[in-house]
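Knowing the structure of chain A, use the given hints to seat chain B on it.
Residue numbers (full-length UniProt numbering), protein chains in the order written: chain A, 1 to 331; chain B, 1 to 331.
Since the hints were made in silico from the structure, they are not lab data.
For glycine and all other residues, C-beta sits at the position ideal for the given N, C-alpha and C.
One should not assume that every hint holds.
The calculated label-pair distances, taken between Cβ atoms and stated as ranges, are [to be verified]:
(1) B:G90 / A:P31: 24 to 30 Å
(2) B:V135 / A:R128: 27 to 33 Å
(3) B:S119 / A:R128: 51 to 57 Å
(4) A:T83 / B:R159: 25 to 31 Å
(5) B:P50 / A:G277: 37 to 43 Å
(6) A:T138 / B:A129: 55 to 61 Å
(7) A:P31 / B:V135: 29 to 35 Å
(8) B:S102 / A:F213: 27 to 33 Å
There are 2 protein chains.
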Amino acid sequence: MTALPSWRDTPTRTAILDLVAAVTTGPGALPVEERVAVFDNDGTLWAEKPMPVQLHFLVEQWARAAATDPDLARTEPYRAASTGDLAWLGAAIDKHYAGDDSDLRPLIAAVVAVQEGRSVGEYADEVRAFLDTAVHPTLGLPYRYATYQPLRELLDLLRERGFTTYITSGGDRDFMRPFTEDYYGVAPEQVVGSSLGLAFDEEKADVVYGSTFSFLDDGPEKPVRIWSRTGRRPVLAVGNSNGDVPMLAYAAGHPQGLALLVRHDDPDRGDPPYDAGAEQALATATAQGWTVVSVRDDWAQVFPVPPEGSAHETRPGHRRAPRPDPRPAHP
Amino acid sequence: MTALPSWRDTPTRTAILDLVAAVTTGPGALPVEERVAVFDNDGTLWAEKPMPVQLHFLVEQWARAAATDPDLARTEPYRAASTGDLAWLGAAIDKHYAGDDSDLRPLIAAVVAVQEGRSVGEYADEVRAFLDTAVHPTLGLPYRYATYQPLRELLDLLRERGFTTYITSGGDRDFMRPFTEDYYGVAPEQVVGSSLGLAFDEEKADVVYGSTFSFLDDGPEKPVRIWSRTGRRPVLAVGNSNGDVPMLAYAAGHPQGLALLVRHDDPDRGDPPYDAGAEQALATATAQGWTVVSVRDDWAQVFPVPPEGSAHETRPGHRRAPRPDPRPAHP
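Bound-form chain A, shown alone (with noise of 0.2 Å):
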């Protein structure tokens, strides 16, 4: 079978290609324990509009909170979930981005407050029972469907060819770690992201959420986490965003070392276009040399398609058959 059937034959697939065969043969061959690439998840791996899966999860999780406390469901980021004011939840980010963190220390302490006291085990369990019934809202199926096809495809080669593939997300790791070896291929220890507090409950013997965040794994701590969970350099790193740039740069500085940058830039396929919150990652990517995969230009196919006859296949947002492309599709 043709290596990433759904890439165009196009200079990106190309890079790609040639990545992985010097690493896997000839003389610059690395040994296999070598072969490591990391993956940005959301914007990278699945959609992040109209909202993060994550976030999806917990305006729910607010929403049920707030139903049964009529204070709470009065304070934010509750009254926003149980309202379904959206906004208030993009303002708090933007403000913070702004230099204003007022609305986001309630909007972390609500984060953490969804967990404390729960198990490891417990949180796992209510993440699965979410993605068994969610539905992303523009797409209008499981959030297995809104997962970007080629990548799974990179994911695969990458595996067949002796790569460790890891998971560097901004996103919380144990809310990550419930699928990714369902969708993705990728096991728990192999999940590097954001962590709430973490204590050891003698009482019970397992691992709880505390009453803290413990750290955001994005922009300059990718790298450090990276490093602290594999102890290598990457050779190959995907990512779609600005807090992607210093993992982009650290994969760049290995001596056969890959950068791609997901730009979405597809108007017609049901991944929207957007540059915001990548102009930073752009630039560097033009000024680095760093590959840029066009979702346009470089994807033949962007979401996976439903099983035949699955109750999902006609759902609407969900295209079977894409509107006719005139580039060439690999043959």
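Quick look at chain B alone, frame taken from chain A:
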């Protein structure tokens, strides 16, 4: 070949082989990815007396720094290191356990100062250079021969049966990574330990040590770090001291879990007996029915034998021919 040849045929060895059989065969077999075993390092995988190996490394670094800076040479712990007054170091740690951190603070500051500004690769090179020449103070042999042969055999057996083996030490993670593959077959990504504060240096596009100590991986932090790294509860944990109790309890909480506590109780074969620092662990092992590994009774051999004809085989302190022992070696 018989499994675990350096173990005597005791109930301890039987308990270990029973666990391996239960986890890998029959109705209770775990999927390969859930076969997780965690090992403390100092005092468990290698000797920690008369001083932890990392402390030996630090003393050399501090003495070197003091040699070129008279002001530094007058302050602790540099004075202690350069004059060989190691009692000061032991007293600083004893004071800490008595609630007085007045000497611990300069000690930690000096630990941080050794690596500040260096890259992770530079530190790894220094550790390798140290281990190439350093000699265990009483065994008179390189530290690779101060490892416990029975536990090296256990690591090998577990990996042969599909386990993933992790080191979970209170020692510095990045001090261990340069040698764990060579000494124990444990890859860098499977080394969990304490951490100096790290930062991403944009200029170098590399991960470097900052001016902080990040966290001590000991006591209740051990299960937290095991979860953070692996996303699994281990089915086997091996430790030797009070700081290992929560990690041992975490494994014991697994439905098939086995907790092993190594007790240093052999007066004759170069591994000095001590229970100091293990009092709570021994009491908990008795109360909880954990398995205590007696160096004296359960191990037919303690340290690996240097290769015939090597420069090390005749070093003082190393016993090629231990005194005759009336207990039967495992056949």
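For this session: Given the hint of 27 to 33 Å, check if S102 of chain B and F213 of chain A actually sit that far apart at their C-beta atoms.
Result: 32 Å, holds
Exercise. Falls inside 55 to 61 Å, the C-beta gap from T138 of chain A to A129 of chain B?
Worked result: Since the Cβ atoms of T138 of chain A and A129 of chain B sit about 57 Å apart, the hinted range of 55 to 61 Å holds.
Exercise. At the C-beta level, are S119 of chain B and R128 of chain A separated by a distance inside 51 to 57 Å?
Worked result: 40 Å, violated
For this session: Go ahead and decide if the range 27 to 33 Å is satisfied by the Cβ distance of V135 of chain B to R128 of chain A.
Result: 53 Å, violated
For this session: With 25 to 31 Å as the target window, see if T83 of chain A and R159 of chain B comply at their CB atoms.
Result: Cβ of T83 of chain A to Cβ of R159 of chain B: about 55 Å, so the range 25 to 31 Å is violated.
Problem set entry | V135 of chain B and P31 of chain A - C-beta distance against the hinted 29 to 35 Å | Given about 30 Å between the Cβ atoms, the range holds.
For this session: Can you let me know if the beta-carbon spacing of G90 of chain B and P31 of chain A is within 24 to 30 Å?
Result: Hint violated: Cβ distance 41 Å, outside 24 to 30 Å.
Exercise. If you check the beta carbons of P50 of chain B and G277 of chain A, does the distance land in 37 to 43 Å?
Worked result: 55 Å, violated
Violation of the numbered hints given earlier is confined to hints 1, 2, 3, 4, 5; the remaining hints are satisfied by the structure.
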